[in-house]
Amino acid sequence: MARASKDLAKRLRFDLWPKPDFFRRWYWLVGVIFVAAGVAAWYGLHMGSQQRQYLPGPVSQGHASFGDRCETCHEAYGGVPTKNCLGCHADRAHSKFEVKTPECASCHVEHRASGVFLAVSNASCVDCHGDLRTTRTEPVIAHTMRGFADHPELGPLRPGKRDEAAIRFNHKLHLSTTKIGEDDKLGCVSCHGIGKDGGLMQAIVFEQHCEKCHAQSGLGPDSSVQVVHDTPDVVREDLKAKLLFAAVNNPDGIFGSTDPGLPGRVRRDPLDASKSLAVFIDPGTPKSALAMAESKLYAPLDASAEQGASSLLDNNKYCFLCHDQDGTSAPGDLPAIKPTKIPTRWLVHGEFSHRVHDLLKCEHCHPDIRDSAETAQTNLPPKDTCTRCHIDGQEQSAGTSCMLCHLYHDTSKDHVLRDGRRKEISIEAIFGKEAPKAQKPAP
Amino acid sequence: MRINKDHRGWLLATLAITIACAIHYHFYVRASPYGPSGGSWIGLGYGIAGTTAMLLAGLLAARKKVRTWRLGPARAWMSMHIWLGLLAVPLICFHAGFRLGGTLTTTLMVLFAVVTLSGIFGLILQQYLPNIMTERVPLETLVGQMDHVRQGLATDAYELVASVAGPIPEAAEEQARLAAEATAMQARPGNWKAIARKPPATEPLPEGALLKEVYLREIRPYLWRDARARTPPPDIRALVIRTPEDWRQKLERLDAICEESYQLAVQRRLHDVLHGWLFIHAPLSFALFVLAAFHIIMALKY
Numbered sequence: 017m018a019r020a021s022k023d024l025a026k027r028l029r030f031d032l033w034p035k036p037d038f039f040r041r042w043y044w045l046v047g048v049i050f051v052a053a054g055v056a057a058w059y060g061l062h063m064g065s066q067q068r069q070y071l072p073g074p075v076s077q078g079h080a081s082f083g084d085r086c087e088t089c090h091e092a093y094g095g096v097p098t099k100n101c102l103g104c105h106a107d108r109a110h111s112k113f114e115v116k117t118p119e120c121a122s123c124h125v126e127h128r129a130s131g132v133f134l135a136v137s138n139a140s141c142v143d144c145h146g147d148l149r150t151t152r153t154e155p156v157i158a159h160t161m162r163g164f165a166d167h168p169e170l171g172p173l174r175p176g177k178r179d180e181a182a183i184r185f186n187h188k189l190h191l192s193t194t195k196i197g198e199d200d201k202l203g204c205v206s207c208h209g210i211g212k213d214g215g216l217m218q219a220i221v222f223e224q225h226c227e228k229c230h231a232q233s234g235l236g237p238d239s240s241v242q243v244v245h246d247t248p249d250v251v252r253e254d255l256k257a258k259l260l261f262a263a264v265n266n267p268d269g270i271f272g273s274t275d276p277g278l279p280g281r282v283r284r285d286p287l288d289a290s291k292s293l294a295v296f297i298d299p300g301t302p303k304s305a306l307a308m309a310e311s312k313l314y315a316p317l318d319a320s321a322e323q324g325a326s327s328l329l330d331n332n333k334y335c336f337l338c339h340d341q342d343g344t345s346a347p348g349d350l351p352a353i354k355p356t357k358i359p360t361r362w363l364v365h366g367e368f369s370h371r372v373h374d375l376l377k378c379e380h381c382h383p384d385i386r387d388s389a390e391t392a393q394t395n396l397p398p399k400d401t402c403t404r405c406h407i408d409g410q411e412q413s414a415g416t417s418c419m420l421c422h423l424y425h426d427t428s429k430d431h432v433l434r435d436g437r438r439k440e441i442s443i444e445a446i447f448g449k450e451a452p453k454a455q456k457p458a459p
Numbered sequence: 139m140r141i142n143k144d145h146r147g148w149l150l151a152t153l154a155i156t157i158a159c160a161i162h163y164h165f166y167v168r169a170s171p172y173g174p175s176g177g178s179w180i181g182l183g184y185g186i187a188g189t190t191a192m193l194l195a196g197l198l199a200a201r202k203k204v205r206t207w208r209l210g211p212a213r214a215w216m217s218m219h220i221w222l223g224l225l226a227v228p229l230i231c232f233h234a235g236f237r238l239g240g241t242l243t244t245t246l247m248v249l250f251a252v253v254t255l256s257g258i259f260g261l262i263l264q265q266y267l268p269n270i271m272t273e274r275v276p277l278e279t280l281v282g283q284m285d286h287v288r289q290g291l292a293t294d295a296y297e298l299v300a301s302v303a304g305p306i307p308e309a310a311e312e313q314a315r316l317a318a319e320a321t322a323m324q325a326r327p328g329n330w331k332a333i334a335r336k337p338p339a340t341e342p343l344p345e346g347a348l349l350k351e352v353y354l355r356e357i358r359p360y361l362w363r364d365a366r367a368r369t370p371p372p373d374i375r376a377l378v379i380r381t382p383e384d385w386r387q388k389l390e391r392l393d394a395i396c397e398e399s400y401q402l403a404v405q406r407r408l409h410d411v412l413h414g415w416l417f418i419h420a421p422l423s424f425a426l427f428v429l430a431a432f433h434i435i436m437a438l439k440y
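Protein sequence lines, in the order shown, are assigned to chains A and B. So the first sequence is numbered by this note's numbering: it starts at 17 and just counts up by one. So the second sequence is numbered by this note's numbering: it starts at 139 and just counts up by one.
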């Protein structure tokens, strides 16, 4: 229906100021109400949870007890200075050769998902190790490392390095010998076990791992004496005591002859012609039982018997089968045995854990062990073996985080640092108020 | 505001800035060992940019309070409000690293999302509802005058019915309006708005009773119903065959009045939809600014 403008205008009242519509009337009031509600909500949160409402993310478990007090770690308009961390944590240097020590917060980033706080990113390590500067003239470790692919060969396997232990041991011989029955066949675990810490292998203990086949026995006039595995001076005392014991227990067999008066008895020479027990165990008497036993113990290695495994063991049953003499000794003096210096830990800059790798067969990482005949062979897996599972840049990887193997704060190497700077803090200081009371367990 | 080719410049600028920031953000994330953070220098930069965009967009509310000041055309302000508001979305997301964070920041993100989505909803409405209103409400009037027009329609309807059916005592409001109108006309005889009214019939026709009955039963209640009621207009076509032929024009006029009342109700509902979303958008944006201020102060402090 067409309507003239004049007809339309006649219907309207311009003499009255038009009343604002419902929305215009209430916008601002509702806005004020919402602002008041917002302020009230903030105030309520502030009274209830104090500063927790401002947390940009969860606090890690270790800091949760004071997570609502930002000022514990944060300085107003000043970030998180290291001195605030040192209020609870001991100062933990990385290396005395570092040019600068980064702030704690540059590597340990809070307010992430719980657990992430302790997971330091490789980038923090690469910050320094990507172009390493030290107070040394030349760095002794690789100085351009940006990832696991740049990681140099493991230290003990680098050119010119060898196993410096002063002991003869032949893995090939031990793993393939036919002298042992099927039930006693040797395998890796026959001698090697994971230590209590789960990381390093247990040290080889003669009494536990070697004595069954290499007992220092068959000594004395009647071959009944077995001595301990210890330093020569300890062995001498042990030998003396055991020889005496044998002599006292079997005097006729060792010293005396049979009574010729009894029919059927045949006179025979005594095992030992010592005139007295003192001479029996006198190391200075060349023919004393002690001297004879020690000459067997410390007989030099019979090199001519190296042709066959069985002849080597048969002809060399005692100390110098495995050990080397340290220098020379005068006749009658005890020889000095070279300290074996078998390393208990090969990777001094890395934290390798055998426990974590427990599921793998030993040969997976040590494939050449059955061919290792020389002590000088280190028998550690090369870095390439690690990269079979620890693959850079792939999701299907056992991980290539620097922290998997390396510690930044390695207090285990610095007892003075660890013990001297230990801090003690009261519970009240941690919680910032009266310490929480112990909760009774629910009935 | 209609989004048309005049907004091309704003659209291209917003897209270009968003794409540039997205590329920068991608490299920023790759270079961040512990992920993006609002507290890093780059994160702070995004936060400052996003907050500035939000503040400039929010200035529209202040601008509307000083409409007479010469501060640029309203269209420009509205365009700035829309496009800077939309630009704030990626900037704030880059600032937050696409994380919600703690209690306060989560509240802020929720508010921000509601404000943005309500604004987009309102913008979409503004693209379609005006056309719908033009098609479906050709008899629209000024919203502020709607009550007055509705009363006028009721008065016109009474005048028509009373002119054949005689005075109707039940229609007291209409009688009062007509009396007031007559008084006003007498006071200003030359008033161009004066409407020539027919007086009520002194000798109503018999058919007038039927018309009166229909008027009281259906038409008058319909004209005085709630302004937003969805009730369709009464069908008075049956009256046409039961009343004199010369009444047809009156009945058509009655039908037109009911139709106009119906369209005014439609207009009212469309108006409510077109403006109601602002009840969420505007107040929540105020709360958003207040809580954002708390966040900025505490985040910069710590």
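Don't take each hint at face value.
What the hints assert, rightly or not - With a cut-off of at most 20 Å between alpha-carbon atoms, the simulated SDA-like pairs for lysine to any residue come out as follows:
#, chain 1, residue 1, chain 2, residue 2
1, A, K26, B, A347
2, B, K439, A, P74
3, B, K203, A, V46
4, A, K99, A, R85
5, A, K26, B, M284
6, A, K26, B, K439
7, B, K336, B, T321
8, B, K439, A, R41
9, A, K99, A, H110
10, A, K228, B, P276
11, A, K26, B, T321
12, B, K350, B, A332
13, B, K439, A, H110
14, B, K203, A, F38
15, B, K439, A, T98
16, B, K202, A, R41
17, B, K439, A, F38
18, A, K26, B, Q283
19, B, K439, A, Y93
20, B, K202, A, L375
21, B, K439, A, G83
22, A, K399, A, V156
Derived from the structure by calculation, the hints contain no laboratory data. As the structure is a prediction and not an experimental result, all values here were calculated from the model.
The hints, checked one at a time:
Of the supplied pair hints, the one linking A/K26 and B/A347 is violated, its CA atoms being roughly 31 Å apart against a limit of 20 Å. Under the criterion of a C-alpha separation no larger than 20 Å, the hint pairing B/K439 with A/P74 is consistent with the structure, at around 18 Å. Of the supplied pair hints, the one linking B/K203 and A/V46 holds, its CA atoms being roughly 16 Å apart against a limit of 20 Å. Distance check on the hinted pair: A/K99 and A/R85 sit about 16 Å apart at the alpha-carbon level, within 20 Å; holds.
Of the supplied pair hints, the one linking A/K26 and B/M284 holds, its CA atoms being roughly 14 Å apart against a limit of 20 Å. With a CA separation close to 64 Å, the supplied pair A/K26 and B/K439 exceeds the 20 Å bound. Taking the CA atoms of B/K336 and B/T321, the gap is near 15 Å; set against the 20 Å cutoff, the hint holds. Pair hint B/K439 plus A/R41 does not hold up; C-alpha atoms about 39 Å apart against a cutoff of 20 Å.
Our distance criterion of 20 Å between C-alpha atoms is met by A/K99 and A/H110, whose separation comes to about 16 Å. Between A/K228 and B/P276 the alpha-carbon distance is near 110 Å, which puts this suggested pair outside the 20 Å criterion. For the given pair, A/K26 sits about 16 Å from B/T321 by alpha-carbon distance, which is consistent with the 20 Å threshold. Restraint check for B/K350 and B/A332: the C-alpha separation of about 26 Å exceeds 20 Å, so the hint is violated.
The straight-line distance between the Cα atoms of B/K439 and A/H110 is roughly 31 Å, outside the 20 Å bound, and the hint therefore fails. For the given pair, B/K203 sits about 17 Å from A/F38 by alpha-carbon distance, which is consistent with the 20 Å threshold. At most 20 Å may separate the alpha-carbon atoms for a hinted pair to count; B/K439 and A/T98 meet this at roughly 17 Å. Taking the CA atoms of B/K202 and A/R41, the gap is near 14 Å; set against the 20 Å cutoff, the hint holds.
Simply put, B/K439 and A/F38 have alpha-carbon atoms about 42 Å apart, too far for the 20 Å limit, and the pair is violated. For the given pair, A/K26 sits about 12 Å from B/Q283 by alpha-carbon distance, which is consistent with the 20 Å threshold. With a C-alpha separation of about 5 Å, the suggested pairing of B/K439 with A/Y93 holds against the 20 Å cut-off. For the hint linking B/K202 to A/L375, the alpha-carbon distance of about 73 Å lies beyond 20 Å, and the restraint is violated.
Distance hint between B/K439 and A/G83 is fulfilled; the C-alpha atoms sit about 16 Å from each other, no more than 20 Å. Proposed proximity of A/K399 and A/V156 is supported: the alpha carbons are some 19 Å apart, at most 20 Å.
Hints 1, 6, 8, 10, 12, 13, 17 and 20 from the earlier list are contradicted by this structure; the remaining hints agree with it.
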